[in-house]
Each structure stands twice: as structure tokens, then as C-alpha cells.
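Given the sequences, and given the hints that come with them, work out the whole structure.
Under the numbering used here, the first residue of the first sequence carries the number 25, and numbering increases by one thereafter.
Take the hints with a grain of salt, since some may be wrong.
[Unchecked claim] FRET-style restraints, in silico, Cβ to Cβ:
hint, residue 1, residue 2, range
1, Asp83, Arg31, 42 to 50 Å
2, Thr296, Ala238, 23 to 31 Å
3, Asp97, Gly180, 43 to 51 Å
4, Met339, Val30, 22 to 30 Å
5, Glu62, Asp230, 29 to 37 Å
6, Glu93, Asp181, 42 to 50 Å
7, Arg382, Gly59, 48 to 56 Å
8, Arg218, Trp44, 41 to 49 Å
[Claimed, not checked] Listed below are the simulated SDA-like cross-link pairs for lysine to any residue, each with C-alpha atoms no more than 20 Å apart in a straight line:
hint, residue 1, residue 2
9, Lys389, Ala420
10, Lys232, Ala301
11, Lys34, Gly131
12, Lys277, Gly320
13, Lys387, Glu341
14, Lys232, His360
15, Lys192, Asn224
16, Lys389, Glu430
17, Lys387, Gly374
18, Lys277, Ala238
19, Lys417, Gly395
20, Lys277, Gly356
21, Lys34, Lys192
22, Lys417, Glu378
23, Lys277, His360
24, Lys87, Arg227
25, Lys232, Ser212
26, Lys277, Leu289
27, Lys34, Lys121
28, Lys232, Asp216
29, Lys121, Arg64
Hints are computed from structural coordinates only; laboratory data are not their basis. No residue lacks a Cβ here, since even glycine has one placed at the ideal position from N, Cα and C.
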Amino acid sequence: MDLRAVRGMKDILPEHVGQWHRLERTFRAAAERHGYAEVRTPLLEPTELFVRQIGESTDVVEKEMYSFERHGDALTVRPEGTAGVARAYVQNAVQGKEPVSRWYYLGPMFRAERPAKGRLRQFHQAGCELFGDPGPVCDAELIGLVAEVVGELGIGDYRIHVNSIGSKAAQARYREALRSHFAPIAGSLSEDSRRRLQTNPLRILDSKSPEDAAAIAAAPTATELLDGDDAAHFQGLCRYLESLELPFVVDPKLVRGLDYYTRTLFELRTTTDELGAQSALAGGGRYDGMVESLGGPAVPAIGFAMGLERLLALMPEAAAAAGPHCYLVTLGEPTHAPALRLASRLRQAGLRVELDARAASLKAKLRRADGLRASLCLLLGEGELARGVVTVKDLARHEQWEVSLEEAPRSLGTRLAEGPPPAGAGSRDG
RNA sequence: GUGGGUAUAGCUCAGCUGGUUAGAGCACUGGAUUGUGGCUCCAGGUGUCGCGGGUUCAAAUCCCGUUACUCACCCCA
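What follows is the structure, given as C-alpha cells:
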């Protein structure tokens, strides 16, 4: 086969879409309970949007974006959701319509990384963005929302990591403090970390190289350097998380790879190894400067995104998808047209009907009805046709009877409404 | 981008230090039951052994190259 899906981009086959729907339903319901409404923004944005908001020297911008030029416009397929949503917020002057906006989104993101376990080039995120509230009450509430969704999905093995890197000014001070801490010992650092000393010393902190471990442990932490307002904000966040009874760990080494964050940072990390070397299920933080840097007023904002493939990998197996109510089997060409009409009338009555007019044996068709977990199998042969009836077979109860073609939609509708057949058979909800 | 691993039937995989017609399970089809399923039994496979080259009397097996997938680094969802 020479035409395959692009590397790192996967087909989601019908057998898995039930799980996706469950995940999306759970997320939407939780977000809407918290007052969030869905926003849909384009997959393509001006390249400049991501370069300026995510940061020129970040990995995402330096090497992971799908960028191209078309009709003179430099465009990029979105690598994340926040920048586009913030752009939409500013462009539509939403701050003038309401003091606080709660928006959620759902969809594919694209990063041209080398794929690995838990990491794809097209992956899906669901996220929330809250504009107009500086926190920290809403920060805690937002983290609570993420935990709620993850918990409802049946995922329990995770930890909430929280940190604060302060305002942009505090970050600049912190960067300097890290530089003066690491510069004298640069010789003992890993090659990557020596490079990061120049580009972004914050990210030395999440280096996993053993040679960096001691230097990182001795490094100053961001929270130590927070000034009055920043420190109070972070203390408030921790206090509110406690009052929500959300277990969390303060993780001074939590530094995220996007430049736009201010103050609050958080991640939900799985404590299992189901995701290989990856561990983040969801991540987010505050980005108080973004709206203003996009040309809007100084509106504070916070948000998060969850990786849907990663959540799916940790979700417990769901029950089998519901089969059809009726599996309608024809026997012989003369029954085809009447069967088509019967199927259509049954569907009008609200039933899920699958018609099997293959030339295969009755045995093969019944086997298929069974494999699909159909509730009822309907047999329409020439004998039935002559008598104006259809044979109805309850696959779970091993009973069969005839009903007139005329009466079938009403009779079968009633029968199916009576409830599921005995255990182990019939339809189940996913 | 840099490394490691893998590549045999639709799927999951056996196939030993090279040896003649390349196997199993699952799935699928037919039959046992001329129109009755899940269990059982019987039967059914012409598969570019990823691709190209090399070594050899002989290559799925050894060597080289190449492509794809995968895992790890990096970074993140």
C-alpha cells in the first residue's frame, strides 16, 4: 500500500468513535455546568499569531509548526487552541459585550514532532478559556473543572501539579536569578541545558539529564522570588484548592513550554506508564498579557487544554456499542423490494434497522445478526411474503413468531419498548 | 532532527545454527441442519515473507542498503 495516512495522523474508526463521543459528551457537560459556551475558530491562523504569542524561541514555533504560504499570506495550522481563541476574543471586541467570558473548544491540533507513544502530529484537545477575571478564585475553580472531567471519565491515577511563575516582570527577575545560578557551573550542565541557558533558562528546570539534577535541585524557585501581589495570588490559589478538597502538589519545577504564561501554571499528570514517556493529561495556566498584546484591552485570562488521545488511553473500556433493534434478513430476490419498504417503515417508527440482502446463507446472516448484538432478527422469505407476514426472532430468548407486515412497526416498537431481554443479550449503552 | 527495535495470511503471531509444497489462532465462507444464530465437528489460503541488491548449490532465515511503523531523546496534550 503506497498511499497511507500522513505519519503521526491516525484514522479513528467507527469501533472507537463511541468512546470519543463519551469523552466529548462528558467534557461538554462539565464545561457547560460551569458556564462555558463553545467557540469554534479556524484551523488556519496567521503564522505571526503563534510566533508572537507562543514565543519565537519555543520548540513549538521553532520546529513543530505546519506553516506555508498561500497567495502571499503566511499561514499555520494551529498547534494549540489558546492563541486562536484569544485572537477571536479580541477581534470580536467581546470585552465590550460582557465583563467575563467563559469559552470552550474542541478539535484537532497539529505539531510536526516525531511521533511516539502518547504523542501524535494530529492530536485532539478540548480546552476552556476564561477572560476577564484575574483570579485566584477562578483559577482554583478551573483546575477543579479539569479534575471533575478526568474523574468522571473514570481516570483516577493522576496528580495535580501547580506552580506560579509570577508576572512578566517577576519572570524576568527569575530568569536572571537562574542565569546567575547556572552560569558559573555551565561546564557541568548537559549540552541542551547550556543552550537553554542562553535561550530560556526556565526550561533547564525540566531537564531530565542526570548531570543537571544537582544543579536544578539547588536552583532558586520561582515561588521564592514572587513579589507581594504575585505571592498573594499564589497563596490564594493554594488556599482555594484546599477548600475544594483537591489534592495537589506545588511543583516549583513545573515550567511550560509556551511563553505566554503568567502566574498560575498547572498540569494533570498520570501516575501510570500507559502513556510511555509522556505524562501530561491536561495543562494550562494564566496568560494575563495576551489579550493586550493582541491589541485588546488589558483583560486577564486563564485556560487549559486536555489531550483527548491521552485521556482515551487511560479511560476504562466501555461496554459494547448498541446493536441494531432489528436485523432484517431477506431470502430470495422477490423479497428484496418488500424488505426495503419494511425497513423504511420500521425506521420511520424510530427503530434502528439493518437490512441484509446479501446472497449469503441464512446461517451466515443470522451469525451476523448475533455478532452485531441485534435485539431482533426479522426473516422475510417468499413464504412470509405470500402470507403477508414477517418472522420475528428474539435472539436472546430463542423465541420466534410472525407478525403481519402491516402491524410490524407498531408491534415491534412496543416489543422493544418493553425493555431489554434477559442478561447477556440485546443492546447495551456505550 | 538523533538513536534503538520491528516488518511473514484481513488481524495477532510462530517459523531453531540457511534445506525442497511457509504455518497456527482469530476472523471470514460453505457444509453437518434443502430457511434458523452464539457451542461443537468437517472443509476452504496463488501470502510481492516491506522493497532493492549481495553471499550461497539453496535465503522468510545470513550481509548491505532503503522505506514504513514503533519506542526513546527533545518537548509537550
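Hints, verified against the model:
Asp83 and Arg31 have their C-beta atoms about 18 Å apart, which leaves the hinted 42 to 50 Å range violated. For Thr296 and Ala238, the hinted distance range of 23 to 31 Å is satisfied, since their beta carbons lie about 29 Å from each other. Between Asp97 and Gly180 the Cβ separation comes to about 46 Å, which falls inside the hinted range of 43 to 51 Å. Separated by about 26 Å at the C-beta atoms, Met339 and Val30 satisfy the suggested range of 22 to 30 Å.
At about 32 Å, the beta-carbon gap between Glu62 and Asp230 stays in the expected band of 29 to 37 Å. Checked against the hint of 42 to 50 Å, the pair Glu93 and Asp181 passes, with Cβ atoms roughly 45 Å apart. Between Arg382 and Gly59, the C-beta spacing of about 51 Å keeps the proposed range 48 to 56 Å intact. Range check, Arg218 to Trp44: about 43 Å between beta-carbon atoms, so the 41 to 49 Å window is met.
For the suggested pair Lys389 and Ala420, the alpha carbons sit about 16 Å apart, so the restraint of at most 20 Å is met. Between the alpha carbons of Lys232 and Ala301 the distance comes to roughly 11 Å, so the proposed pair stays at or under 20 Å and holds. Pair hint Lys34 plus Gly131 holds up; C-alpha atoms about 14 Å apart against a cutoff of 20 Å. Distance hint between Lys277 and Gly320 is unfulfilled; the C-alpha atoms sit about 32 Å from each other, more than 20 Å.
At roughly 31 Å between alpha-carbon atoms, Lys387 and Glu341 are farther apart than 20 Å, so this suggested pair is violated. Between Lys232 and His360 the alpha-carbon distance is near 66 Å, which puts this suggested pair outside the 20 Å criterion. For the hint pairing Lys192 with Asn224, the CA-to-CA distance comes to about 14 Å; that is within 20 Å, so the pair holds. Taking the CA atoms of Lys389 and Glu430, the gap is about 24 Å. The hint is violated against a cut of 20 Å.
Our distance criterion of 20 Å between C-alpha atoms is broken by Lys387 and Gly374, whose separation comes to about 27 Å. For a cut-off of 20 Å, the pair hint linking Lys277 to Ala238 stands: about 13 Å separates their Cα positions. For the hint linking Lys417 to Gly395, the alpha-carbon distance of about 15 Å falls within 20 Å, and the restraint holds. A C-alpha spacing of about 71 Å is found between Lys277 and Gly356, which places the hinted pair above 20 Å, so the restraint is violated.
The suggested pairing of Lys34 with Lys192 is violated, with an alpha-carbon distance near 39 Å, which exceeds 20 Å. Of the pairs offered as hints, the one joining Lys417 and Glu378 holds, with about 15 Å between alpha carbons and a cut-off of 20 Å not exceeded. With a C-alpha separation of about 68 Å, the suggested pair Lys277 and His360 falls outside the 20 Å cut-off, and the hint is violated. For the hint pairing Lys87 with Arg227, the CA-to-CA distance comes to about 16 Å; that is within 20 Å, so the pair holds.
For a cut-off of 20 Å, the pair hint linking Lys232 to Ser212 stands: about 14 Å separates their Cα positions. Between Lys277 and Leu289 the alpha-carbon distance is near 11 Å, which keeps this suggested pair within the 20 Å criterion. Between Lys34 and Lys121, the direct Cα distance comes to roughly 40 Å. Violation of the 20 Å bound is thereby established for this hinted pair. Distance check on the hinted pair: Lys232 and Asp216 sit about 10 Å apart at the alpha-carbon level, within 20 Å; holds.
Our distance criterion of 20 Å between C-alpha atoms is met by Lys121 and Arg64, whose separation comes to about 18 Å.
In summary, the structure is inconsistent with hints 1, 12, 13, 14, 16, 17, 20, 21, 23, 27 from the numbered list given earlier, while agreeing with the others.
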